[in-house]
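Asks: Here the protein sequences come in this chain order: A and B.
Numbered by the numbering used here, the letters in the first sequence go through residues 1 to 444 in order.
Numbered by the numbering used here, the letters in the second sequence go through residues 1001 to 1427 in order.
Where hints are given, some of them may not hold.
To be verified - Here are the simulated lysine-lysine pairs, DSS-like style, with alpha carbons at most 27 angstroms apart:
1. Lys202(A) / Lys151(A)
2. Lys248(A) / Lys311(A)
3. Lys1291(B) / Lys174(A)
4. Lys1254(B) / Lys1291(B)
5. Lys311(A) / Lys1146(B)
6. Lys315(A) / Lys1291(B)
7. Lys1254(B) / Lys197(A)
8. Lys1327(B) / Lys151(A)
9. Lys351(A) / Lys1138(B)
10. Lys315(A) / Lys423(A)
Stated by the list, open to error - To give an idea of the interface, some chain B residues facing chain A are shown, with a C-beta separation under 8 angstroms as derived from the structure:
11. Val1130
12. Ser1145
13. Met1253
In short, the hints are calculated from the structure, not lab data.
From a predicted model like this one, the values you see are computed outputs, not experimental measurements.
A virtual CB, placed ideally from N, CA and C, is assigned to each residue, including glycine.
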Amino acid sequence: MNISNKITGVVAAGVMLLAGGSLPAAEAFVKNTEQGKNGVTKFVLRNGATVLTKEIPNGLVSFQVWFRTGSRDEEDSNSGISHFIEHLIFKGSASSGVSGLSRLIEGRGGNLNGATSKDFTNFHFETAKEHFYMSLDGMLDCLSNPAFDEKEIEKERKVVIEEIVRGDDDPGRKLYEELFKLSYPSHPYRREVIGTKEVLEKLTKADILACYSARYAPERMIISAAGDFTPSELIAALEKHFPAGNGKPLTEGLRKKASFAPGRREFTGNYGQGYFGSAWLGPAADNSDTYAMDLLVTLLGSGRSSRLYSKLKEKEQLCYSLEAGYSTMRDEGLIYITAELSPDSRAVFDKRLLEELKDVCVNGVEEKELSKARAVLENSYIFSHETDSQIAGDLGYNEAIIGYEFGQDYLDNVRKVTAEELKRVAVIYLSGVPASVCLIPEDK
Amino acid sequence: MKRSLAAFIVLTALLSLSAAAAQAFALSNGLKVVLNPDRSGGIIALQVFVRAGSAWETPADSGTATLAVRMITRGTRSRTAEELAASAEALGASISAASGEDHSIISLVCTEKTFPEASAILFDMLLNPVFPEPELSKLRKVVLSKLKAQKDDNFAYTLQRLKSRMFPGDSYALDPLGTEENISAATSSRMLDFYAKNFKAGNMCVSVSGSFDRDEMLSSLEKGLSGIPAGAGAGKLQSTIEAGSEKYGSEKMKKNQAVVMTGFYAPELASGDYPAMKVLSSVLGGGMSSKLFSSLREKEGLAYSIGTIYPSRAKTCAFIFYAGTRKENIERIKQGILDAAASAAKPGYVTEKELEDAKNLLVGQFRLEHQTNEARARYLGWFELAGAGFGYDASYPEAVKAVTLEEVSKAAAKYLVQPKTFVLDNE
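Given only the sequences and the hints, what does the whole structure look like? Please build it.
Replies: Written as structure tokens, this is what we have:
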């Protein structure tokens, strides 16, 4: 099957656009429509793709294309290929030319970018509403008819290697990657999204085409848009890009149970200070413990008065910074606590961190503490949903991971969490031995 | 019923803009406030700008602003640092303080509902700070660690080294974090002196954007901030760059990637050449379609991170080309940057289409950035403090759109001379 036809009507779509050809009936294109909360509409297309829309009359539009695929679907032999494909999509379609998409969107005042993660790959642009459909046509053309020109592949390979090298100098990134490597003995989350120089140098055009054909298909695709547009017009615009007919259901790759390996690793390098991180296996996105876990990590490490920050950094001065986080992922993501510290403090910091977590597991948390964490989490959610891009990103990300309703009901579910539940999730997820990594300056 | 403004507010509508909702007023102590009411989102962002930062410092007191501004949030006459943090976080409000080169900002982001209580905490910090020694001791350690960790960020490290070479004798050579010696020796009494000198109505500006009623906000600000002493501002920043800095410098470090930066002296925000230089920056290195990105990344694959930086500053600053690359590409990148800079003034180098695209990109990004109340407040306050006036937030897009090819070419000929390059090289 022609690769491009898996996503769109390829050349035929372009001809239809130019000729202004008649459109198939909407019902032949949209399988069903669902009205969500807060003005969100979900369309499920017959080809298997999902479209989520939210109208905001502000003169701007954010358009995002998400694929339920990322480094999680790779093997050791093609590690980094998803990220490489993301780069190559921006090298243009057969007709757009190498910088055609960026000139089209940036030349009209918009911005565009892409991102690859373990669970997803994302392409997006933001622009004024008058340039929306022209930009959409350009981006979908590049996604459905990527040129994958041999010469451009070679040039972009060098660029991605530069990106790998750049990341190697970043201690924050190094700490994060080493925590994942250590924590997951077998699950694909252990691999770096960006891949390795050695594998990247060997990837061929045939590898790229095979991966693109298999994974960048409509049944893995979610389109999310927020801003000043009419959903029916968006659907009509998308219809020009997709062939009529039914797609196949997404049957593989939905869930892979992750196992966890505790341990310790230290790395010495040219660092100006020490970087420390401990990780535990958290709940997967489809587990209702996610709300309690978000609140627990907020209570522990968000804000100067949070429990670990106030005790370990402010009172005991064992570190210079402290952060607690939890990655809500399709499979079991990591709960992590990271700190910048003097290498001399790392043993005491580690000991005190475990003592504090044990205290939560044994004695739980106070209602007042929970109430404060809830206020911090609720407000940070509100503050991070101001722009079209943030709103469309929330819809697309949640749909790719667990379902867009997760975001719609998120605050209601957070408000229901009790202090007892926080204690329970602390015991389940944080009472074991963590995977710990420390980066140490070589003169220490 | 809304409170009357009549008695205690010097309600001076300093400038009303037809194209935007923002208006400026003066409180009874002379403190200028810029208000941008927008009832749509339920969020309020309030930013307090102070004309203080490393650009106002000397080598002898470098780093004082960094410490003193952060210390504002760490203790008042009636509340400890812990109490302040806990009470703000209980409301879900975000209060932060940071200092840069030209100015410092103490910022509050909260909801409309929590604004009365959250702003009361902020006002207490601004009027009654006590700079407690135990808190200063903790902050000193954090800033000293940040100084040590600077080399962990290749880009920031190279930028600071380039600036220290470009601006001998000028405050832009100073690291906003200060020096190890000054940070170690900082005392509470020095913080109090800094506060008394800088936290005066004439040296500050407050901008607020978000869901509020104009009159109620004015009333709240008058009640909360009229206690800040009246007093003149610090005046205009002056450039004192000494001649004779070297054209090229480098430092070897055990790193995987090298960073190349080439800087040119560039005009301040209030200069008539500013819009043309912003367009020039957009043409050369402003996005994925810029000349530098196209030539050195798209065509040659020499770099992942590449572009130009032209920050908006209150005095002569740096227009910088940057690229992260590997050791073997350093010379090619250096030459590519110099070629682009040398060609920029030549007729035909920038086409009409490139000019239009670059202008659209600048204006479009500006509009997209203005989606958050925090950004709207930041632009209004910064334009006001830098001498362009808060109204520049509304007129900037038109100023960009009016830039011609000839103006871009003239700006390139005038400013893209005397290149200074610094390379962070691999050992």
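Asks: Which numbered conditions among the earlier hints are violated in the structure presented, ordered from lowest to highest?
Replies: Failing hints, ascending: 2, 3, 4, 6, 11.
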